[in-house]
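Just so you know, we're using our numbering here: the sequence shown kicks off at 2 and counts up by one.
It is possible that some hints are incorrect.
[Said to hold, decoys possible] In silico lysine to aspartate or glutamate, DMTMM-like type, Cα no more than 20 Å apart, as pairs:
hint, residue 1, residue 2
1, Lys121, Asp87
2, Lys21, Glu108
3, Lys34, Asp114
4, Lys24, Glu43
5, Lys101, Glu43
6, Lys100, Asp36
7, Lys21, Glu38
8, Lys34, Glu115
9, Lys4, Glu108
10, Lys126, Glu115
11, Lys100, Glu122
12, Lys100, Asp87
13, Lys4, Glu79
14, Lys24, Glu122
15, Lys24, Glu125
16, Lys126, Glu28
17, Lys37, Asp17
18, Lys24, Asp36
19, Lys37, Glu79
20, Lys41, Glu125
21, Lys34, Glu79
[Stated by the list, open to error] Simulated DEER-style distance windows between Cβ atoms:
hint, residue 1, residue 2, range
22, Pro48, Thr86, 30 to 40 Å
23, His103, His5, 42 to 52 Å
24, Thr65, Leu110, 30 to 40 Å
25, Thr72, Arg118, 31 to 41 Å
26, Leu68, Val40, 32 to 42 Å
27, Pro107, Gln67, 12 to 22 Å
28, Gln67, Asp17, 36 to 46 Å
29, Pro107, Ser15, 33 to 43 Å
30, Thr72, Glu108, 36 to 46 Å
31, Met14, Asp64, 44 to 54 Å
32, Asp104, Asp69, 32 to 42 Å
None of these hints come from the bench; they were simulated from the model.
For every residue, glycine included, the Cβ atom is placed at its ideal position computed from N, Cα and C.
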Amino acid sequence: CIKHLQKMIRSSMSYDLWQKRSKWGIEVCPICKVDKEYVKMESHHYPRTLFDVVDEHLQYLIDTNQLDEKTDYEVCQEIMNMHFTDQVNYIVLCEYCHKKYHDNIPEVLDVIDEKWREQKEMREKRYNNTGDKNEKNTG
2 CIKHLQKMIR SSMSYDLWQK RSKWGIEVCP ICKVDKEYVK MESHHYPRTL
52 FDVVDEHLQY LIDTNQLDEK TDYEVCQEIM NMHFTDQVNY IVLCEYCHKK
102 YHDNIPEVLD VIDEKWREQK EMREKRYNNT GDKNEKNTG
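Whole structure, please, built from the sequences with the hints as guidance.
Put into C-alpha cells, the structure is as follows:
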C-alpha cells in the first residue's frame with residue numbers, strides 16, 4: 002500500500018510542480034559545489050524518506066479512524082498538501098551526489114545533515130524576508 006501511494010505521488014503533476022518549486026534559489030550542489038547549469042538538480046526527502054512520510058500519514062489516519070473513508074487519491078492529495086505547506090523536509094542535491102547518498106558513499110553521508118540544515122535555514126530566511134508563506138519550511 003505504501004509503495005503504491007509513493008508511486009502515485011511521484012507520478013502526479015503536483016509532485017512535479019513541488020519538485021520544481023523545491024529547487025528555487027539553489028544554484029549549486031551543497032556537497033560537490035557544481036553549478037546547476039552543468040548538472041541536473043534533484044530534491045531528496047531528508048531526513049525522513051517519502052516512504053516514511055506516507056507511512057506516518059497512514060498511521061495518523063488509522064489512529065484517528067479516518068483511513069476507511071479516504072480514497073488513495075485523497076491520501077496522496079493530503080501528502081502533497083504537506084509538501085506544499087512545508088511539513089516535509091528535503092535537500093536539493095545534484096544527481097551525482099544524490100546517487101552517492103543512496104549508495105552510502107561516506108563523502109556525502111558525512112556532510113548531508115549539515116548541508117540540509119544550511120538549506121533549511123536559507124529557505125527560512127527567504128521566507129522571513131519575503132513573508133511568503135509558501136516558501137517556509139518548518140518541518
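Worksheet item: Are the Cα atoms of lysine 24 and glutamate 125 separated by 20 Å or less?
Response: Within the cut-off at roughly 14 Å; holds.
Worksheet entry | Verdict for methionine 14, aspartate 64 (Cβ pair) under range 44 to 54 Å | Roughly 30 Å apart at Cβ, these two residues miss the hinted range, so it is violated.
Fill in: 20 Å Cα cutoff - pair lysine 4, glutamate 108
Roughly 29 Å separates the two Cα atoms, so the pair is violated.
Worksheet item: CA of lysine 24 to CA of aspartate 36, is that 20 Å or under?
Response: Given that 20 Å is the threshold and the Cα spacing comes to 13 Å, the pair holds.
Item to complete: Take a look at whether the Cβ-Cβ distance between aspartate 104 and aspartate 69 falls inside 32 to 42 Å.
Response: Between aspartate 104 and aspartate 69, where Cβ atoms are some 40 Å apart, the hint holds.
Worksheet entry | Pairwise hint evaluation, glutamate 79 against lysine 37, where the allowed Cα distance is 20 Å at most | 31 Å, violated
Discussion item. Lysine 21 and glutamate 108 were given as a pair; does the straight-line alpha-carbon distance stay at or below 20 Å?
Written reply: 26 Å, violated
Item to complete: Mind checking the alpha carbons of lysine 24 and glutamate 122 for me, to see if they're no more than 20 Å apart?
Response: Holds, because 14 Å separates the two Cα atoms, which is no more than 20 Å.
Worksheet item: Taking only the CA atoms, is the gap from lysine 34 to glutamate 79 under or equal to 20 Å?
Response: 34 Å, violated
Worksheet entry | 20 Å limit on alpha-carbon distance, applied to hinted pair lysine 37 and aspartate 17 | 18 Å, holds
Item to complete: Compare the distance between the alpha carbons of lysine 21 and glutamate 38 with 20 Å, and conclude whether the hinted pair is satisfied.
Response: 15 Å, holds
Fill in: Cβ separation of proline 107 and serine 15, checked against the hinted range 33 to 43 Å
About 35 Å separates the Cβ atoms of proline 107 and serine 15, which means 33 to 43 Å holds.
When each numbered hint is compared with the structure, violations occur for hints 2, 9, 11, 12, 19, 20, 21, 22, 23, 27, 28 and 31.
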